[in-house]
Each structure stands twice: as C-alpha cells, then as structure tokens.
Amino acid sequence: MPPQTPEQLAQFVEQMYGKLDQLSYYDLLGLHSGATVPEIRAAFYRMSKDLHPDRYHRMQDREMRDCLETIYARMCEGYRVLTTPEKRATYARLLGEGKKRLAGTGRESRAPQSPEDSIKHEEAKKFFRLGMMSLGTKDFKGAAMSFNFAKSFEPNSAIIKQKLAEAQAGLAKPGGPAVK
Amino acid sequence: MSVIGIDLGTTNSVVATVRDGQVVVVPAAHGGYLHPSVVSFSADGLKYFSREGVARRIIDPKNTVFSGKRLIGLSFQSKEVQRAISRLPYELREGNNEQAVFVGPDRTYTIPEVSGLLLGYLRQCAELYMGDTVTGAVITVPANFNDAQRRATIDAGRIAGLDVLRVLNEPTAAALAYGLGQNMSQRIAVYDFGGGTFDITVLQVEGDVFEVLATGGDSFLGGDDMDTTLLNILAELFRAEHGIDPRNEQTAHARLLIAAEQVKCHLSEYSEARGELKNIAIGSEGEQLALRFHIARNVFETAIRGLVGRTIATTQEVLSSIGLAASQIDEVIMVGGTTRVPLVRAEVERYFGRPPRTDLNPDEVVAWGASIQAENLAHAGESLASNAILLDVTPRALGIAVTGGFAERILDRNVPVPVEQTRVFTTSADNQSAVRIQVCQGESRRFEENVPLGELELSGIPPARRGEISIEVTFRVDTNGILRVRARDAATGAAREAAVNVRGGMSDIEVEEAVERQKSSDSGLLPELET
Chain F
0 MPPQTPEQLA QFVEQMYGKL DQLSYYDLLG LHSGATVPEI RAAFYRMSKD
50 LHPDRYHRMQ DREMRDCLET IYARMCEGYR VLTTPEKRAT YARLLGEGKK
100 RLAGTGRESR APQSPEDSIK HEEAKKFFRL GMMSLGTKDF KGAAMSFNFA
150 KSFEPNSAII KQKLAEAQAG LAKPGGPAVK
Chain C
0 MSVIGIDLGT TNSVVATVRD GQVVVVPAAH GGYLHPSVVS FSADGLKYFS
50 REGVARRIID PKNTVFSGKR LIGLSFQSKE VQRAISRLPY ELREGNNEQA
100 VFVGPDRTYT IPEVSGLLLG YLRQCAELYM GDTVTGAVIT VPANFNDAQR
150 RATIDAGRIA GLDVLRVLNE PTAAALAYGL GQNMSQRIAV YDFGGGTFDI
200 TVLQVEGDVF EVLATGGDSF LGGDDMDTTL LNILAELFRA EHGIDPRNEQ
250 TAHARLLIAA EQVKCHLSEY SEARGELKNI AIGSEGEQLA LRFHIARNVF
300 ETAIRGLVGR TIATTQEVLS SIGLAASQID EVIMVGGTTR VPLVRAEVER
350 YFGRPPRTDL NPDEVVAWGA SIQAENLAHA GESLASNAIL LDVTPRALGI
400 AVTGGFAERI LDRNVPVPVE QTRVFTTSAD NQSAVRIQVC QGESRRFEEN
450 VPLGELELSG IPPARRGEIS IEVTFRVDTN GILRVRARDA ATGAAREAAV
500 NVRGGMSDIE VEEAVERQKS SDSGLLPELE T
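As they're listed, the protein sequences go chains F and C. Taking numbering that gives the first Met the number 0, the leading residue of the first sequence gets 0, the next gets one more, and so forth. Taking numbering that gives the first Met the number 0, the leading residue of the second sequence gets 0, the next gets one more, and so forth.
Hints are not guaranteed to be accurate.
Said to hold, decoys possible - Computed cross-link-like contacts, EDC-like style, restricted to lysine to aspartate or glutamate with a CA-CA straight-line distance of at most 16 Å: (1) K48/F to D207/C; (2) K48/F to E381/C; (3) K137/F to E96/F; (4) K125/F to D429/C; (5) K172/F to E153/F; (6) K61/C to E90/C; (7) K518/C to D162/C; (8) K86/F to D411/C; (9) K98/F to D20/F; (10) K61/C to D105/C; (11) K61/C to E248/C; (12) K137/F to D116/F; (13) K98/F to D26/F; (14) K48/F to E205/C; (15) K78/C to D59/C.
If you are wondering where the hints come from, they were derived from the structure by calculation, not from laboratory data.
Construct the complete structure from the given sequences, taking the supplied hints into account.
This is the structure we're talking about:
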C-alpha cells in the first residue's frame, strides 16, 4: 500500500531509498513475476496517485522530495520495462543473473570526448594536456603558460582560447597568485 | 493570492483560473479571450500590448515582436533562428552565450525577457479581472519543446514575477480539461495545430489518471506557415498586376501578412475571400497602387495541402511508434486555432475514420487544463486538489557525444517522467585529465545530426591509462521535462557535479537582473485597461 500521511511517507522513503538497487521492478510495484499488463498498469497507477511528484509539490524538505522522486522514477522505469514485451523478456534473463535493473549496469566501450579532441596540432595537444593537468591542481600560472604554448601552435582553436581564459581568470581571482 | 494557467501561444495567449471550482477564462482587453502574443517597444521605454501592439506591427514593424515562441530557447546560430531572421521585420542579433536577442529602440532584449513582458501583462490582466494578486502559474509548452526551450519559458515566467509551478505540455493540459471528472476509460489523440507548432499526443485516460503513451510533433509548422503561403499568393497577385514585389517593402509586407491571416480566417467560414488593400506601393508615376484580390477556398487548400499532409505523416509516425492503428483511437480532440481550417478537420477525419471532437473551444482548452493543474499544484496535499494525475513522457531521445563522432543514447524518447538513467563511460587517452560531455537530443546515431543542447566538463581526473577510469553520467528529467546531468568520477570515489551550460540560454545573473528591471517598471503596463 502506498504511503498516505507525512509520517508514513518519511518512513517509506527511509525504507526504500537505501535499498532501491536491491529491489526488482516487481518488488517496487508490489507485483508477482507473472503479473499481467493490466495488473502492472493498475499497480503503477495506484502508486502514482500517492507518489507522483505533483502530490508533494509543496513539500519544503528538498532532500526528501529528491529521494521520493528517485524512488518514483525507478517505478516509472519498472512500469515501462514490464509493459514492453521485449524489455520484459530481457529483464527476466537479467533477473536470473541477479541483476535488478535493465539498464545502467554495464560499462560502455566508447568514451565521451576529451576537450583536446578538437585540437589538430600534436604539439598544441601536448601542451594543452599539460595545461589541463595544471588547471586540475589549480596551478593557474603553469596552466596559462602551457595554454599559451599550445596557442602558439594552433592559434585559432576555440578550446585553447577558452581554457587560457579560464586559467587567466583563476590567476586574477582575489586571493589567487599575483599576476606578473 | 491566486494561481493561473497560461497558454503562451505563438500568435495568441489565453489565461484561465479556477474560481469556486469552476474554470474562468480571463477576457482580453478588447473583447474576446485571445490576448495577442505581441509586444511593441518604443524609444521612451513604453511597451504596447493587445490591440495596440498588433496595430504597431504595421506602424512600427521594426520594434514590434510577434511569434516570439518560435525563437525562445534557441541559439542564434540555429537554423530555425537563421530562417526566422530572413522573414521577421524586427532585428535579431547574437548576444551572450549564443543567445538570440531582439534589438529594441532603447536597448536589446533577450527573447525570455520579451516573453516575460508579455507574461507580466497577462498576469496583470488576470489580477485586474480577478481583483486578486497572482503569485504562481502553470505555463503550457508544446510537447516537443526541448530542455532549452522549457528553461527559457521558466525564465520568462520568473521575469514576469511568477512562480512557475510547472511547464505543462499543451496536449496533456487539453486532455485534462477534456477528461477530468468524466470517469472515462478511453484512448484519445490530441491533435494540436497552433500558430507556430504542431503536436500529436496519444493518451490513455482512466478515471483520474492521464497517461501519455506517445507524443511527437513539428516545432516549426503552424498556422503562421499558412499565413505565409497566403501572403505569397497575395504578393504574386500584386506583382502580376503592377510588376512590383510588395514583399521587399517592410510596411507592405507587414500589412500583407495581417491581411493573409484575415483571409485565412475568412476562408475557414466562406468559400471565397475578396478584398482590396489600398496604398500597398507607389507606382512609377507616383500613383498609389492597391491590391485587389479574390481567392477561392480551393486555391488556398491546394496551397496548404502539403502543410496539412505533414501533420498527418507525423501523426502516423507517432501512432506506429506505439504499435497502434488510427482506428484504435476512441476520440480525437482538436486544439489550436489552426484546427478551424476546414481542410485540417477534413484530413484529420479522413485519417482517423471518425469526426474529431470540436465541441471544446480549441483556443481555450489548453488554458483550461493549465488552470486546473495550477490549482492542483497550489493545493497539493490538501483535499481541495482534484485527484488527477498526469503521467507525461520525454519528447526526444537524449544522449552524449562519444569518440568517433557518434551519439550514445542515454534516454529514449517517450519514456515516462521523472526518469533517471546512469551510464558508465571511460577515458579515450592516457592521462586524460578532463572529459567533455556534450549533450544532444535526437534519434540519430551521428552526433552532428542531432540538436546540441549544451555541455559540461568533468576535470581533475587523476592520471591513469586510457580505459581505466570510470565516469558515471546520470541524466535526470523531471516532471517539467527539464534535464539535469551529473558526471561522476567513479574511480576515485569522489563525486563531482557540474551543471550543463545550456547553449542560447540566459545565465542566472541575467535572469535576476531582468526580474529586478521588470519589478521596477511594473506600473503603467496597462494603459488600455484603465477605463
């Protein structure tokens, strides 16, 4: 039964939030693994009536609201997976392997871009990398120097200009190292 | 203290509120319930709205902003803005952070600021009518508005001094107005053809629950395009007679556009339109040249058949994405002024094999739903609120750029919100100290074929060989349809969060400044309401 009163809600969040990753979609929606689509829909609608973010729109406690939204988002995910036949079949297999969620478990083989990807000149790339390492340790002076070197090899790169400006801004910040 | 629902349209806006359990639509200053979505600026800082604003589209086209909804939340370099620039009589320029800004007679205005002025005017109309202060509002947006467009709409609301309780999808609002309290069990389609956008949304209505099954649309297809089509017909008639293209002259262009809209409305009721527009241009002997026209409905229909066909194709695509046939829809709800065009109704009826519902006012139904939802949110947790629950979805797939020019999808399209997904990525080079996460929307596997939304950078990654680092990227879309992206360096266990820098958006500081500016100039917005 979904929670009704504020106390029940607090208790519900405390119970569910920490162990969200240990609950299957069936557990979350209070269903048995053979549930039919109409049963799944009815369960999700019932949960939504009390747990949809609109219901606690005016709740002051942001953290609590955030937790509730995370729990409810997982219910939405479960609803979608269990009502899509192919996804439900895949999920059944994953459940057998002890996994509780359909997506977001494995690691992707591809990598997001690196800021240096748009830089073409090899030397510029090298100095840019050095500059980024300095920037990471808040060594703005060193960073500015490296980015300036990088810029001398590839003057038109937007990312080098942007990072140089960042390093210079760091240098100029009050309390930061003095600008020579 | 009241809350209102605002249907912020491309051409017109509608404001409604719930009073004693009944929806009340706020009348417009010059009669009717449609407030023109126009703001006209003068050099002394005055703003004109309503009919004055519309009149100034002819008197002062350079300083009169209309169709602002087509520009909101888009970066200056986007092809939509670039295309709009060639057609709009007012000047746009690139401002901070790739924003498109309007060059006004006194200063420049960001698009959310212009919309904020309009929303401020609408708020005052509501306050005058209701005799009460308005604190919060639900503002509706097309279902396929993206993250940046939604954020910009919220900024506009804030600039108008409104607490934006929710940005709500227009078709969902219409469905709420249609189905609330009817205790129905139906699968409905909301066909929303407005001034500037087209949306098609399929919902399951079960008592108090309104579940969006799928949505899709075209942000750049609307009644405006029909006006442009008619404008071209009128201009060609004039050129054939006088050898002068009136589109090259700003005032003539503005007058023809307004005439085109009137001809469209006339042809929605009658089989032909005749008229004369005096003083369109000056002839070689200095004489005034007039445009006399006679346009039959079938000429107009032939010209717009392609536009209407595009809406049917989009409808077909959305239905098949959830494996439904047109015959499996129980009811079709028509929303938006463009659904008054007889050809639109005929084509929708032909496609669905049933006459669409036209008993709900297509101009007002969205504002109705918005006001109901505003009331619900303002009274959340109290018995005053209705039990309606709106289960909405993400309109577009969202992903990030990965090596090789690909887009890796993180969220699918048409997924129930709120939704949260985490994917784990790695680094592409040895000792890579930062990753750049470029966020895009769209279904294509190639990054550049999608719409870039913004980017965030996760820096300070400790030195490691390529592939050794794990970076968790989490996408969360809330019930406003607003995206939040978190990137976390999982290897060090240190959580780092960064906000997405939305391209073409206003910074928080810019919004704050605009809020203050509007606060100090709030009086005197309503000269025409003082009677």
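Outcome of the hint check:
This hinted pair checks out: K48/F and D207/C have alpha carbons roughly 9 Å apart, not beyond 16 Å. For the hint pairing K48/F with E381/C, the CA-to-CA distance comes to about 14 Å; that is within 16 Å, so the pair holds. At most 16 Å may separate the alpha-carbon atoms for a hinted pair to count; K137/F and E96/F exceed this at roughly 45 Å. For a cut-off of 16 Å, the pair hint linking K125/F to D429/C stands: about 12 Å separates their Cα positions.
A threshold of 16 Å between alpha carbons decides the hint, and for K172/F with E153/F the separation of about 27 Å lies outside it, so the pair is violated. Among the hinted pairs, K61/C with E90/C is consistent with the structure: their alpha-carbon atoms are about 7 Å apart, no more than 16 Å. The suggested pairing of K518/C with D162/C holds, with an alpha-carbon distance near 14 Å, which does not exceed 16 Å. The suggested pairing of K86/F with D411/C holds, with an alpha-carbon distance near 13 Å, which does not exceed 16 Å.
At most 16 Å may separate the alpha-carbon atoms for a hinted pair to count; K98/F and D20/F meet this at roughly 9 Å. A distance of roughly 12 Å separates the Cα atoms of K61/C and D105/C; the hinted pair therefore holds under the 16 Å criterion. Note on K61/C and E248/C: the hinted pairing holds, with a Cα-Cα distance of about 12 Å set against a maximum of 16 Å. About 22 Å separates the Cα atoms of K137/F and D116/F, which puts this hinted pair outside 16 Å; it is violated.
At roughly 13 Å between alpha-carbon atoms, K98/F and D26/F fall within 16 Å of each other, so this suggested pair holds. Proposed proximity of K48/F and E205/C is supported: the alpha carbons are some 12 Å apart, at most 16 Å. Proposed proximity of K78/C and D59/C is contradicted: the alpha carbons are some 26 Å apart, above 16 Å.
Violation of the numbered hints given earlier is confined to hints 3, 5, 12 and 15; the remaining hints are satisfied by the structure.
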